[in-house]
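**Student:** Take a look at the letters that make up each chain.
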Amino acid sequence: MSVKFIKETDFNDFVGKMMEARTVVGPVAKKTKFVFGELESVDQLRLDYDVTILPPKKLFFPPRQDLLKFHGQKGTSCICPQPKVLFGVHYYDIKAIDQTDFLFNENNADQNYLANREATTIIGTTIQNVSPRAFFGSVGKNVNPKGHDGFLTRINGGWVFETLTSKGRDLLDFGKFIDADDAQKAEAAKVNTEEKTKSPEKIKAEGDVVAQKVRKSFSEDELWEEFAKDCFSCGSCNIVCPTCYCFDVQDNWNVDQHSGARTRSWDGCLKADFAECSLGQGACENFRETKGSRFRHRIMRKAVYSNEKLGGPACVGCGRCSLSCTADIADPVNVINRIVEG
Amino acid sequence: MACGTCNCNSPEIENLFMPKEALITETKWMTKDTKHFVLKWADGSKVSHQPGQIVEASLFGFGEIPLGFATSPTQENSFELVIRQVGRVSTALCKLEAGDTMLIRAPLGKGFPLDELRGEKVMIIAGGLGIVPTRSLINYITDRRDEFKSFTLFYGARNPSELLFKEDLVKWRSSKDVHYFETVDGCCEEDNWKGNTGVITTLFKQAEVTPDTKVIICGPPIMYRFVMMELYKCNVPHENVYVDLERRMKCGVGKCGHCQINDKYVCIDGPVFKYSELDSKEEAL
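Protein chains in written order, with the numbering used here: chain A, 5 to 346; chain B, 3 to 287.
Honestly, the hints are just simulated from the structure, not real lab data.
According to the in silico footprint, chain B covers these stretches of chain A (three or more CB under 8 Å from chain B):
1) 71-77
2) 104-116
3) 244-254
4) 271-280
5) 291-298
None of the values given here were measured: they were computed from a predicted structure. Note that CB positions come from ideal geometry on N, CA and C, so glycine has one too.
All chains, full assembly: derive it from the sequences and hints.
**Tutor:** Here you go:
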């Protein structure tokens, strides 16, 4: 659409004006880490963040989301999207949002996600600091982010703002933007190319080779049990993953014991009972009973199962799972490299 | 209808999770823990499912459970469900009686491939509660008997008191429309059981199964591999075998991940699968 420039000295004024008009969610500090949170003041915004604890999917697919409310046996839908600007998303997280957009839309369109997504304007930004476990430069290299409405790149003296949709262009009204010149555009392109080389960890094979070799390793039960030996089955790797979207659905009563809500909450395939079924008369069957089988399922989902429909792996290399895993066994780089290197 | 969250009067957006009301017209305990329900849609609509498709049945405040339709769409004005009391939701649903309302999302998933079964010899092997979803096909075949060649049914239960659809069994035992064979795993003297005793595979001695038979299997997880071994002996190719799988189908719309087997979601890609589609998928059977 258009490529604009805003001076560093005008940038906070732009964010402030946008906040007056819109609800803006962006990276903010939480003790020594970062989270996506609703901005209350301009100086809270930390576009120099490395990675957030939870991915931005929580805006469209909250950790707990009421699907229906009920009074007795009468239900009402809870889909009520609130317009927001999601500001300052790294490119790997935009790629993850592209995947959840596709997955919640395919087969049966789930408006509980899609309506929130539609109401959100997403502005991406350059990775200024890199998370210590990130590997975004070596995964899904052929897949480019596409679902955002604009992208901000920090260059000398200010920011280049590329608007990609009308939702992104609308934000130009809030700042003193001028057309970017060729030198500024070239500098922005260079910054964005270079950022992809900065992730410290590296998967040592291309996506299709990884998919083939990981799929082939399915029957190596001993290997998978070894990978998962120290797993606590806590599901933290699932919870922090920007492309995980499994959930549980539970009904909860209000205090009146008459009304309540049917609510979905994030679930994870690493949890021990995730694939368990009651068969009646005290019997049950767990279709992924061992830690190794659950660990394998996650890696297969990320590296193999969905590749065809997503056009690449269902992992974007953010490194959040590696950071969150208490036993430090979740890192896909270690698992995949060990498999591809035999 | 206004938005349920903030009464903002925004236009209502279709919600996949909104159930429809079904009115219960009859109920009957089939065993001490398993109840039979006859229902009709409260809005008067006719049934529109295929044999083998599933429903998510619920009561607000308790939750949803996946069930198979127990009736064929040839029965147009009502449908039947069978619920075994196992957990919180099924126990609550089993307390419902005629005149009560059950909440249903249906039809979900893919059922039996009728186009591939028409004009063929069909055999159904049902163990335990597996008779419930396969009854949707059994009734379909017996209602449209001319469309199929020979029809054989194996049914096995744990003991005689666990046999479901006893009125149907009486009909099937004497019917010319179905070659019916039954067995129980075990029985005691009071059961006065005169039929076959032993696991379901013992019935293979009594029936002739030719390689061109289309075979449908539905039962407890342990049953599949032993039945497949028998079908192998009868030279039935994998392409002719269909399995109706049970998984924890929580959302029923291919999103929540609980029923995933490799790249398949049982709730939308199944619950009925061609065996040849699954034999490379390690966690399927």
